[in-house]
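*Asks:* Residue numbers (this note's numbering), protein chains in the order written: chain A, -9 to 495; chain B, 120 to 282; chain C, 5 to 323.
Honestly, the hints are just simulated from the structure, not real lab data. Treat the hints with care, since some could be wrong.
With a cut-off of at most 30 Å between alpha-carbon atoms, the simulated BS3-like pairs for lysine-lysine come out as follows [said to hold, decoys possible]: (1) A:LYS376 to B:LYS252; (2) A:LYS376 to A:LYS275; (3) A:LYS285 to A:LYS373; (4) A:LYS234 to A:LYS285; (5) B:LYS252 to A:LYS373; (6) B:LYS204 to A:LYS285; (7) A:LYS376 to B:LYS248; (8) B:LYS248 to A:LYS421; (9) A:LYS275 to A:LYS285; (10) B:LYS204 to A:LYS376; (11) A:LYS421 to A:LYS285; (12) A:LYS282 to A:LYS234; (13) B:LYS204 to A:LYS282; (14) B:LYS204 to A:LYS421; (15) A:LYS282 to A:LYS238.
Incomplete in silico selection of chain A near chain B, CB under 7 Å [to be verified]: (16) ILE157; (17) ALA165; (18) PHE183; (19) TYR381; (20) SER396.
Computed spacing ranges between beta-carbons, pair by pair [stated by the list, open to error]: (21) C:PRO135 to A:ALA235: 53 to 63 Å; (22) A:LEU472 to C:SER175: 45 to 55 Å; (23) A:MET185 to B:ARG226: 19 to 29 Å; (24) C:GLU109 to A:LEU41: 33 to 43 Å.
We treat Cβ as the ideally placed atom computed from N, Cα and C, and that holds for glycine.
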Amino acid sequence: MEILYSFGNGLLVALEPANLMYCFVGVFLGTFIGVLPGIGSMAAISMILPLTFYLEPTSALVMIAGVYYGAEYGGSIASILMNIPGTPSSSITCIDGYPMARDGRAGVALFASAIASFGGGIMGMIIMAILAPALAQLALNFGPTEYFAVILLGLVAASAVSNGSPIKGIAMVAAGLMFGTVGVDITTGAERFTMGIPELRDGVHLVIVAMGLFGVGELIVSIRANARGEHDNEIDYANFYPSKAEWKSMIAPIFRGSGIGSFFGALPGTGQTVASAVAYAIEKKVSPNRAKFGKGAIEGVAIPEAANNSATQTAFIPTLTLGVPGSASMALVIGALMMYGIVPGPRLLVDHADLFWGLVASFLIGNVLLLILNIPLIGLWVKLLKIPYRYMYPTIIVLICVGVYSLNNNVFDVWLTLVFGWVGYLMRLFKFEPAPFLIGFVLGPMMEEQLRRAMLLSRGDATVFLTRPISGTLIVITALLLVYAFYSAIRQRRTSKTIPSTSET
Amino acid sequence: MRDFLLRLQHSAKEKHAPHAYLGALGGAGFLALSIIFIVGGFELGVGAPRRLGTGAFPVITGFILALLSMGVIAADLQDTSDAEKPDWISFVAIGGALAVFALTVGRIGLVPGIFLTTITASLPDPSLKFPGKMALAAVVALACWGLFIGLIGLPFDAFMGFN
Amino acid sequence: MKHLLALGAASLLFSAPAYAEPGKWTDEPVRIVVTFPPGGTSDLIARVLAQYFESEFGQKAVVDNRPGAGGTVSADFVADQDPDGTTLILGNNAPFTIAPTQFEELPYDAMGDFTHIAYLGASTPALFVQPSSGITSIEDYIERANTDGITYGSSGVGSITHILGQAVDASLGIEQIHVPYQGSAPAIQDFRAGVLEAYYDMVALNGDLIKEGETQPIALASPERSPLFPEIPTFRELGHDIVIENWTGVSGPAGMDAEMVETIHDTIEAIMQMEPVIEQLAKFGIAHTEMTSDEFTTFVGGAITTWAPLIKAANVNGG
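Let the hints inform the model, and build the full structure from the sequences given.
*Replies:* In structure tokens form, the structure reads like this:
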């Protein structure tokens, strides 16, 4: 009851004309920035940060939050239309979104993405409203051992994202983990594999990996395919409504995705990319339609979008209540609050209840605005596919260049993107998939950091991973998943003895 | 590296070259990389369980990847499906476009840099004639100027070294 | 916030004492390079400066974040720019005090390649312990460290909090176990989760936690007690001469025109005297003291020498 009362008050705050307008400006800007490859919410928030100095704290926060989750909506658009993730977290949406677009069902995919994003956003908001104090506590129950265990679970799930050979998927995760070690070792300060290049000391930026492997790699493949007309499918421009059966099949994934996303969002650092990957991997195991995954399944679009949008909302919990930013964009939110003398921390929910509940309520309004904004735009986005590819692809290359350059205003990042782009193309030739690599790359540094910290704190005793209750439970679940995966792989092999084995597992 | 590329090109020319060649190459590439990380990791020091060294994680992940790479090679050698045909022209042109951007943006500014980048990127598509490429480049350069510097306000110089 | 800006905009409180003319020094927009990504204290200070440069003195200015490699990417960039006043850097310990000792090969010379213009201020780190630990004094701390051992969190290897931890080890004759984090927020999260016994962090950012009784401050690393936290003693008054502060200042490439340096210095000084700016910086826990450009240059050079043994002791084997 108390929550409803607080939420009602928040709704009144969020519905003030000024806040409503800033919310709209935020989500509008976020959507468009999110579409541009490489330019994420970070650039958009830095852009409006000076503007927020003149606003009430609530208005500023509502607008910044709008940009943040608006960018998640927008990020999926480029993924579906061009197989180039607008934001790293929408990389997973490429896997089924792009095949749908190639089938001429880009409109349906965009619609599914918008609906799933909306569902995820609303679910994330509800979870945040009801469970904010509990989720803040959850993050406090997660020490290094627990983080390590949850990351391990995420990695095992991630290796299932691959649609090709399973062993290649696991190999890509391992390669991602390995490449994540490039840069200064944060535990000792020693440089690893940087070849003396100062720009490599902080490792390779996630956006560079995503843009290189997915964006540039995909472009090289598609130039010739388009010149030959292989991509000229009949596109139904008018019809973007999913069929009744598709509507039905999206409901469960949206709920599952939101739940998984909310959990990962509340753990600072794991973020939207991991949320969408794990949700996709789990859905691929449990969906009745799993055989179609990777070939344009509508559930494959719905689940990562539901997950990353709900994670986007719950990511505000550790940011506001613990002051721990899960991402660079969240660090900006903390910065903006500090300009007003509001220090994120345990007192924020109490001392600035108006601000907190106004923000929560603005998620509801913002998500409705985004839906209203995005549904009519689908027709416009789909028409982009009508532009001949010979005009499109040089433009996309330029957008990738500018996006990557804007990360640190350093051309070294453009050179790195070139390298990753070439590697991405070669990987496609060798039938390796970039998505598991990306997830390994995101989680690797975190996994190593927590592992070493846990070992340091336990004075070298590895049994802590099993004896601490939360991490012990997670490790057991991970082990069961692995056993199940082996069991089903063996059973599959037994039932199909005639087919030569393609995997060494 | 050159040999390697030539071999790739050669394998691509054969009609219906099986994937086995390429697959084995990919696995071998990852195997080589994992060995670099294992050796480098040992050089950095693996430390003790209590205080894991700088090289510990690269060594662990390197070993896992090395094992998996061998599995990948074995699996790919049995793969008889058709290989993807490489498109080295686009490969070079797109790489070239990124290189042109990297070389020009800090020297002559964003707008002329994008103009040259667009032209480089559009080279492998013969369906657009050269005047068309020029026009496209001009439009993209001007639009980016308006969008990134005018609207978004990124701290880039539009033109440099012209005065 | 509104009233703060209204004050600033009206510049009611701005009165220039005996300075040279503060004002615009170039017709070009000035680029203020920040060594951190957007959102941190450093970035916010730069944005405040940029805003007042323009609103008060008509000097257009943009903030240019070039994070990476402990600020050395920014410093290297600025060292290579023309000394025409269009490129400034918001410098701090990392590239100017720590890096020269930390890295064997640095692409710039922290003194020779820069014109150090104006000192902005410093914030103070403190030692914090678990309130439930029963440790309330530095003596308790030494005893606990010598019996059970203490694990402490810092905001990273080679960070100011790590160096402070090293200085404490040396001065108190103890051996704490260092657990590095990426920034202080995750260290505090683990501290509150009960996995760390202590941490070092900027005292101003811990006001709420102190009030809530979630953390117990033991000693400050400033020369004198902080006006914001008068109840916390300093290491110095407890008999341990440890003074480590996180300073911030504005510098430019070497070879800037002396008159321009003076104009920039006086413009910044004028901004630092404005009531809303003082208030804003106080929220970040930064106290401003005035230094001339020459004093500031001496200060930077002095900091490199006095810190070198501490950084070497921290065994930060980068570079």
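*Asks:* If a hint holds in the structure, say so; if it does not, say that too.
*Replies:* Right, here's what the structure says about each hint:
1. A:LYS376 to B:LYS252: 19 Å, holds
2. A:LYS376 to A:LYS275: Roughly 36 Å separates the two Cα atoms, so the pair is violated.
3. A:LYS285 to A:LYS373: 22 Å, holds
4. A:LYS234 to A:LYS285: Status holds; Cα separation ~20 Å.
5. B:LYS252 to A:LYS373: 22 Å, holds
6. B:LYS204 to A:LYS285: 21 Å, holds
7. A:LYS376 to B:LYS248: Given pair LYS376 (chain A), LYS248 (chain B) holds - Cα atoms ~19 Å apart, limit 30 Å.
8. B:LYS248 to A:LYS421: Between LYS248 (chain B) and LYS421 (chain A) the Cα gap is close to 34 Å, so the pair fails against 30 Å, i.e. violated.
9. A:LYS275 to A:LYS285: Holds, because 15 Å separates the two Cα atoms, which is no more than 30 Å.
10. B:LYS204 to A:LYS376: 27 Å, holds
11. A:LYS421 to A:LYS285: 15 Å, holds
12. A:LYS282 to A:LYS234: 18 Å, holds
13. B:LYS204 to A:LYS282: Judged against 30 Å, a Cα distance of about 26 Å means the pair holds.
14. B:LYS204 to A:LYS421: Satisfied, since the Cα-Cα distance of roughly 12 Å is no more than 30 Å.
15. A:LYS282 to A:LYS238: 16 Å, holds
16. ILE157: This hint holds: ILE157 (chain A) lies near chain B, its Cβ roughly 5 Å from the closest one there, short of 7 Å.
17. ALA165: 6 Å, holds
18. PHE183: At about 6 Å, which falls below the 7 Å cut-off, the nearest Cβ of chain B leaves the hint on PHE183 (chain A) intact, so it holds.
19. TYR381: 6 Å, holds
20. SER396: Where the cut-off is 7 Å and the nearest Cβ of chain B is about 5 Å from SER396 (chain A), the hint holds.
21. C:PRO135 to A:ALA235: 53 to 63 Å: 59 Å, holds
22. A:LEU472 to C:SER175: 45 to 55 Å: This hint holds: roughly 50 Å between Cβ atoms.
23. A:MET185 to B:ARG226: 19 to 29 Å: 24 Å, holds
24. C:GLU109 to A:LEU41: 33 to 43 Å: 41 Å, holds
Checked against the numbered hints listed earlier, the structure breaks hints 2, 8; every other hint is satisfied.
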